[in-house]
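Those protein sequence lines, which keep their order, are chains A and B. The numbering of the first sequence is my numbering, which starts it at 488 and goes up by one. The numbering of the second sequence is my numbering, which starts it at -6 and goes up by one.
Incorrect hints may have been included.
To be verified - Stretches of chain B that chain A covers, calculated by requiring three or more beta carbons in the stretch to come under 8 Å of a beta carbon on chain A:
#1 153 to 166
#2 219 to 229
Said to hold, decoys possible - Listed below are the simulated BS3-like cross-link pairs for lysine-lysine, each with C-alpha atoms no more than 30 Å apart in a straight line:
#3 B:K101 <-> B:K130
#4 A:K556 <-> A:K656
#5 B:K101 <-> A:K656
#6 B:K113 <-> B:K153
#7 A:K656 <-> B:K31
#8 B:K31 <-> B:K153
#9 A:K556 <-> A:K789
#10 A:K720 <-> B:K258
#11 A:K779 <-> A:K720
#12 B:K101 <-> A:K720
#13 A:K656 <-> A:K779
#14 B:K31 <-> B:K113
#15 B:K266 <-> A:K788
#16 A:K788 <-> A:K720
#17 A:K656 <-> B:K266
Derived by calculation from the structure, the hints in this document are not laboratory data. Being a predicted model, the structure only gives us computed values, none of them experimental. Built from N, CA and C at the ideal position, the CB exists for glycine as well.
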Amino acid sequence: MTTATQDHPPSMTATTNCLIRYIEIWVPGNDGSVVLESARVVDADCLRALTPQITTFQLGEGLIGSAVKQRSPVIFQDLPSTDLQRVRDQSGVPVTAMLAFPVYLEDRLINVIAVGLVDGDGAAEIWTRDDRDELSVSGSIYRGLDSFEYMSQHVRFPKGAGLPGYCWKFGVPKMLSDPGTNPNFIRSFDRDRAALTSVVGLPISRSYGYPESILLLMSSQSIPLANYAAVLKVDAALPEDDAPFPPITVTSIENSSQEDDDIDWQQTAVDQMAACGSCCLIDEEALCGGFKGVVAIPFTKKGRVDRAVLLAF
Amino acid sequence: MNRHDSRYVEIANLTKAYPNPFGHDIEVVKDFNMILRKGEIVSVIGHSGCGKSTVLTMVAGLNPISSGSLAVQGREVSGPGPDRAVVFQSPCLLPWMSTYDNVMLGVKQCYPHGSKQQRKEICEYYLNLVGLADSMKRFPREMSGGMQQRVGIARAIALKPQVLLLDEPFGRLDSLTRMDLQDVILDILDRERITTMVITHDVDEAIYMSDRICMMTNGPEATVGQILDVPFQRPRLRQDVLDDPHYYDFRFALISFLEKQERAKDSHVAEVKQRLNAADSATDQQVTRV
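Turn these sequences into a full structure, and let the hints steer you where they fit.
Right, here's the structure in full:
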């Protein structure tokens, strides 16, 4: 269910069709601050002024600074927050929630990714470890999933259990399709209006095996979170400091939102990510399989770049 | 709550394996993780044969663990002991002894330095708690299944265990007796704050009795699928629980978990078999080379 508010151009709903409508990539500054590196609105027609007025956040300041300080994803929703207003003002996108999460290469913060979400069925959850060494929901946004939302507040996953527990145990991102019948997605949402179609789990970790938190992004039947999502198996040595990665070969597509997905433009996206040595936002349609943009996020395991997650919109 | 109380029973990566004819270990339970707080009641639910009772007997110290660790109040469990009392589905009373003598048998072992009068008072107190004050001199053959199970419960709790382990304690009882005994046990547990693990198949029983429900995946390699925190306040009244608008959310969550496990059973077994066959073939090849 996509609902455009009346003060936005009607063309937007016709041309945009996923929950993610706005993406920013921030990089750590020299003084502990975080600086905007790049930003992309899904529908360029709606771009009003993508010259951000705020390009720096201090540690703990706003959504971006909070994500760095807490070393965990942060969600702002249904609030007259300055961050939501900032994105609305700059992009004209009717975001109703914003999510920011830090990305680490081993113990080094390389980026904060901020995502603007419009209203529509789906969910985002932040799972963190509690005093029993179990994962519980510490932050969330749900749309059309009332029963699922209630029950999720009471669910705990030990290491290895469920999708969050899997990401914790193996320290890698994982995507599950068809969670309604997939035995690896334990919870049920059958009593809800929305039907989930895929779930992506991203470990937010500074050291292998000890994630700070797990971020779960869920797509529904009525509207996907992203027009394309994939977890790619890659392999490359981890560079020192902020040097570019050595060439990274995509060995396989582990999970994808598309059936019979073959390695094609995904290699190009990963090449771009390797050249940046960090997350990268690609907005040339020729380089991202015809999508309007794609963000490539690297994940490390035992000193190597081991997985890459692509989210295209 | 101090550290020992907040991690009263600590089960970490608990694994039980039995060898197959090729000499490879088949892990019936694998990497089972759970922490119980002092006084907490935790139900373990799952399909028949998934390994629930295996977990319970390992916690009881009756079944040696293959790997992992198991601690009660920070002390490693290495065998059975009076700190962990078990109530099985069948009360297993000694038929030639009266109700009182069946309870006294354990009390004598646990309180060897107590006076005769003290031991008598303990027996009478717990038999009274389970509603058998008038049946102390009766023999098991003179009692119904429900009454015999009450004796089993009194016998276990009279040991003043730190942990009470209930293995489908109401499985053989009719529904009215079952509800009655659930209330008897809850009443005792609310008074005595005994940390309790209950193995059950009954989702309603799990919701009504527990602070937490541990749902186990199917075996082999059964483990914790998810844990549900049950938010209903204790002491509980059955009607209040049933009237809670979220009661059916919990019920549905448990049933849909079990249904999903049932649907995935065949593919899970096939996957494990495939892995074991691959391991067996590798062993065969090694043997051939030798």
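Inset, instruction - Please work out if K656 (chain A) and K779 (chain A) have their alpha carbons no farther apart than 30 Å. - result: violated, 34 Å
Legend entry - Holds or violated: K113 (chain B) to K153 (chain B), with C-alpha atoms at most 30 Å apart: holds, 15 Å
Legend entry - Restraint check for K656 (chain A) with K266 (chain B), where alpha carbons must lie at most 30 Å apart: The hint holds at about 23 Å.
Inset, instruction - Verify the coverage statement for the segment 153 to 166 of chain B against chain A, using a C-beta to C-beta distance below 8 Å and requiring 3 or more qualifying residues. - result: violated (count 0)
Legend entry - Given pair status - K113 (chain B), K31 (chain B), alpha carbons within 30 Å: holds, 28 Å
Inset, instruction - Given the hint that K31 (chain B) pairs with K153 (chain B), test it: the Cα-Cα distance must not exceed 30 Å. - result: Distance ~14 Å between K31 (chain B) and K153 (chain B) Cα, so the pair holds.
Inset, instruction - Sort out whether K258 (chain B) lies within 30 Å of K720 (chain A), counting only the CA atoms. - result: holds, 28 Å
Inset, instruction - Could you grab the alpha-carbon distance between K266 (chain B) and K788 (chain A) and see if it respects the 30 Å cut-off? - result: Judged against 30 Å, a Cα distance of about 29 Å means the pair holds.
Inset, instruction - Would you check the hint for K556 (chain A) and K789 (chain A), treating anything up to 30 Å between C-alpha atoms as holding? - result: Given pair K556 (chain A), K789 (chain A) holds - Cα atoms ~24 Å apart, limit 30 Å.
Inset, instruction - Measure nothing beyond the straight line between the CA atoms of K101 (chain B) and K720 (chain A); if it is 30 Å or shorter, mark the hint as holding. - result: violated, 63 Å
Inset, instruction - For the pair we were handed, K779 (chain A) and K720 (chain A), check the Cα-Cα distance against 30 Å. - result: holds, 23 Å
Inset, instruction - Take the C-alpha atoms of K101 (chain B) and K130 (chain B), compute the straight-line distance between them, and say whether it is at most 30 Å. - result: This hinted pair holds, its Cα atoms lying about 18 Å apart.
Violated hints for the displayed structure, listed by number in ascending order: 1, 5, 12 and 13.
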